[in-house]
Amino acid sequence: MNGGGVATAAPVQPRSMSAAAARWPSPEQVMTPGRRPTLPQVDPSARPVTGAQLYQFRTAALQAGELYAQVAPYRYITRWQRAFVSPTHSDWQSLLAAEAAAMARRQRQAPLTVMVGDSLALWLPVDELPTDQLWLNQSISGETTTHMLGRLHYFADTQPQTIHLMAGINDLKAGVPETEVVDNLYRMMTRLQQQHPQSRLVVYSILPTRLQEVSSDRIQRVNQRLAALAVHQGATYVDLYTTFSDRQGLLRVDLTTDGLHLSSRGYTLWQAALVSY
Numbered sequence: 659m660n661g662g663g664v665a666t667a668a669p670v671q672p673r674s675m676s677a678a679a680a681r682w683p684s685p686e687q688v689m690t691p692g693r694r695p696t697l698p699q700v701d702p703s704a705r706p707v708t709g710a711q712l713y714q715f716r717t718a719a720l721q722a723g724e725l726y727a728q729v730a731p732y733r734y735i736t737r738w739q740r741a742f743v744s745p746t747h748s749d750w751q752s753l754l755a756a757e758a759a760a761m762a763r764r765q766r767q768a769p770l771t772v773m774v775g776d777s778l779a780l781w782l783p784v785d786e787l788p789t790d791q792l793w794l795n796q797s798i799s800g801e802t803t804t805h806m807l808g809r810l811h812y813f814a815d816t817q818p819q820t821i822h823l824m825a826g827i828n829d830l831k832a833g834v835p836e837t838e839v840v841d842n843l844y845r846m847m848t849r850l851q852q853q854h855p856q857s858r859l860v861v862y863s864i865l866p867t868r869l870q871e872v873s874s875d876r877i878q879r880v881n882q883r884l885a886a887l888a889v890h891q892g893a894t895y896v897d898l899y900t901t902f903s904d905r906q907g908l909l910r911v912d913l914t915t916d917g918l919h920l921s922s923r924g925y926t927l928w929q930a931a932l933v934s935y
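In this note's numbering, the protein residues as written are 659 to 935.
Rather than coming from a laboratory, the hints here were simulated on the basis of the structure. Nothing here was measured: the structure is a model prediction, and the numbers come from that model. Keep in mind that a hint or two might mislead.
With beta-carbon atoms standing in for the labels, derived distance ranges [as the list claims (entries may be wrong)]:
| # | residue 1 | residue 2 | range |
| --- | --- | --- | --- |
| 1 | E836 | T789 | 36 to 46 Å |
| 2 | S873 | D790 | 33 to 43 Å |
| 3 | R740 | R905 | 37 to 47 Å |
| 4 | Q767 | Q870 | 46 to 56 Å |
| 5 | Q906 | Q819 | 31 to 41 Å |
| 6 | V889 | R740 | 46 to 56 Å |
| 7 | D815 | D904 | 39 to 49 Å |
Using N, Cα and C, we set each Cβ at its ideal position, and we do this for glycine too.
With these hints in hand, go ahead and build the complete structure from the sequences.
This is the structure in structure tokens:
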């Protein structure tokens, strides 16, 4: 979960990114839920596997006037397959801001779900989620809750039906005090509810890990306070920690690739919970 430095101000969108967002076709053309283009003989395994590839794929889709969550990755494979230069934290910020701006202009009345988080949410395979709604993933790898607080305004002009939030593991990994993590999560919930009073806010527990630097006790203490805050705020709290833990309180081996990030089975388990809200 490597990321850039803390950003305190909204990034300036590159001219090409802003122009791409402005060129988006009408909702009837590409923003209609369920209208993901179908391609003949597409290899279902052909999808980005690195941050550089994912960034180039999403950028290519945006520049073509499409939403990456609604198109097959293979469609832009010539743009992302040989991507090796890792985008900066600022690059990701600009992309997310441009995607959110385009969504706000074109969404109209289509149901929208927004994801907010770090790399765990970033790599959620949205192309496998239900097609009866739009998906906007506002997640960046390596980010802490402080990072996220600085960019919640990116999608302030959208009208999401549901907002999913999972954050905090990078804070604990970096040694941020538990009280600060909980306070930031509370501020995030409050700000999201102020920006989107009609939206349903779903808050997920911090997942267990197999990392020595992040103890299970710390995660559980934060989760206990997070659950209480969610109830107090009228948000929906979803406990994934219990489901993802083994008998020792560590992330189940079959659900992870490296002790922190999720395997395909891990994402399948998360998706089962996600589509219920």
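Each hint tested on the structure:
1. E836 with T789: 36 to 46 Å: The hinted range 36 to 46 Å holds for E836 and T789, with Cβ atoms some 39 Å apart.
2. S873 with D790: 33 to 43 Å: Check passed, 41 Å falls within 33 to 43 Å.
3. R740 with R905: 37 to 47 Å: 44 Å Cβ-Cβ, so the 37 to 47 Å window holds.
4. Q767 with Q870: 46 to 56 Å: Between Q767 and Q870, where Cβ atoms are some 49 Å apart, the hint holds.
5. Q906 with Q819: 31 to 41 Å: 38 Å, holds
6. V889 with R740: 46 to 56 Å: Because 48 Å falls inside the window, the suggested range holds.
7. D815 with D904: 39 to 49 Å: 43 Å, holds
Violated hints are absent here; each numbered hint is respected by the structure.
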